[in-house]
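A.B. asks: Chains as they are written, first to last, in our numbering: chain V, 1 to 243; chain X, 244 to 486.
One or more hints might be untrue.
Unchecked claim - If you only want the chain X side, here are some residues facing chain V, beta carbon under 10 angstroms, derived:
no., residue
1, Pro311
2, Ser315
3, Asp356
4, Ile382
5, Gly385
6, Gly399
7, Arg429
8, Leu440
9, Arg444
10, Leu466
11, Trp470
12, Ile474
13, Val478
14, Pro483
No lab work stands behind these hints: they were computed from the structure. Built from N, CA and C at the ideal position, the CB exists for glycine as well.
Number of protein chains: 2
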Amino acid sequence: MTYCIGMLVRDGLVMMADTRTNAGVDNISCYRKLRIAAGGPDRMIIVCSAGNLSTSQQAMQRMRRGTPNEESGEADSWDSVPGIYEAALAAGRALRLSRNDNDSLNQGSVVFDATLLVGGSVGGEPNRLFLVYPEGNIIECGPDTPYLQIGEAKYGKPILDRALDFDTPLDQALKLGLISFDSTMRANIAVGLPIDLIALRHGEPRPVVQHRIEADDPYFSALSRGWSDAIARAVDGIAPPPY
Amino acid sequence: MTYCIGMLVRDGLVMMADTRTNAGVDNISCYRKLRIAAGGPDRMIIVCSAGNLSTSQQAMQRMRRGTPNEESGEADSWDSVPGIYEAALAAGRALRLSRNDNDSLNQGSVVFDATLLVGGSVGGEPNRLFLVYPEGNIIECGPDTPYLQIGEAKYGKPILDRALDFDTPLDQALKLGLISFDSTMRANIAVGLPIDLIALRHGEPRPVVQHRIEADDPYFSALSRGWSDAIARAVDGIAPPPY
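Pulled out of the complex, with its shape left as it was, chain V reads as follows (with noise of 0.2 angstroms):
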């Protein structure tokens, strides 16, 4: 299992990786599945990969190398592409391509599905977010709901529907990030520490957060008790049912 999420408010993206892969309970890994796809000067592409790990991976060398473009007759790859759209449009078409190549391996009850999350900018265009389909087909994320996720999505919901909209600020949709990944851990074991985040200010071309959280990080540890105290307040604060 996974969990992703991408962010896109006023201010900027942010998108977050956990770092475990299983087959079964009893075989753990951790694999990065936030990277960097493209850094140069006139571009920054960020890319988080949920689902089968072997799909992934070749779409990923695929987008790398160049994906036939049937339409320009070109290959497209991360660093050739005009535009985070286009980017997010081949990521399909390589997702697409390498879930069939392994579809043909045809080994039962495996389901070769991957999903992505792309989003950035290229040439100085706002950065944007979108969520790529198994099938290739891609959706964007807009303000009325500013997020995206991808994996074991559920239990980290509840808190970004309530408490995070376009005019978050980007540091609290950091925090917002955290603890819906604080949830989904305590909830479901297949996602786990390290947490890959980054994290990019609109018309900044660097990331102005770039880390890696630990098992031992102090402030994640810390947001994680915080937050099951605020919780414990926050109950006591509702008056009591009158049933």
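Based on the hints, put chain X in the right spot on chain V.
C.D. replies: Just chain X now, with coordinates in the frame of chain V:
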């Protein structure tokens, strides 16, 4: 979809269920999913159901009339079982029989699984709480994790994991259950008001609370708003990330 919670704490038992059923998002109805299955002088058996409505209704009907018990050669009904454990076991047999009946209709991709929560007490025993799986097997709720959920369980789990324990007072458990429902209903429109709820205090044969929360319930509306405000304050109370 459906969401039901059972909470078994030191003081007593709380059971809650929504009332929304759906066959797609374009076919939504209101059905009671929490029932007092038996309320005679020596027993209080409460049942919540999730999953295929045809299967759960058939199982409830079987349990009213009596479900064959191969070991005893008798038929077990809500009114005849000698304990709440036997009620849950018999409900499991009724569920399996009803699912198999429906399975034989063989309507393509329709899933005929249903799941139950069975709680209460018979003959003065302490209240107990069981989850009955579609296959007929059962698990019992214990003090380490003093709740069981069926249906759309994920969105409403984090608040229970953080704030509910075996020593939580009965009215606080009820409040936590309502917050868990509110989080679920915000995330999944297939779970909706009214919510039925029952609370039993150990040693008291009649429910101390038995209530239906309708769409215009002022306490539930205030709880929903108050919880969002409290969450916003709790987020503000956590230090910004140092990264």
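A.B. asks: Indicate, hint by hint, whether the structure satisfies it.
C.D. replies: Evaluation of the provided hints:
| no. | hint | result |
| --- | --- | --- |
| 1 | Pro311 | 35 angstroms, violated |
| 2 | Ser315 | 39 angstroms, violated |
| 3 | Asp356 | 18 angstroms, violated |
| 4 | Ile382 | 18 angstroms, violated |
| 5 | Gly385 | 18 angstroms, violated |
| 6 | Gly399 | 8 angstroms, holds |
| 7 | Arg429 | 5 angstroms, holds |
| 8 | Leu440 | 7 angstroms, holds |
| 9 | Arg444 | 14 angstroms, violated |
| 10 | Leu466 | 6 angstroms, holds |
| 11 | Trp470 | 7 angstroms, holds |
| 12 | Ile474 | 5 angstroms, holds |
| 13 | Val478 | 5 angstroms, holds |
| 14 | Pro483 | 5 angstroms, holds |
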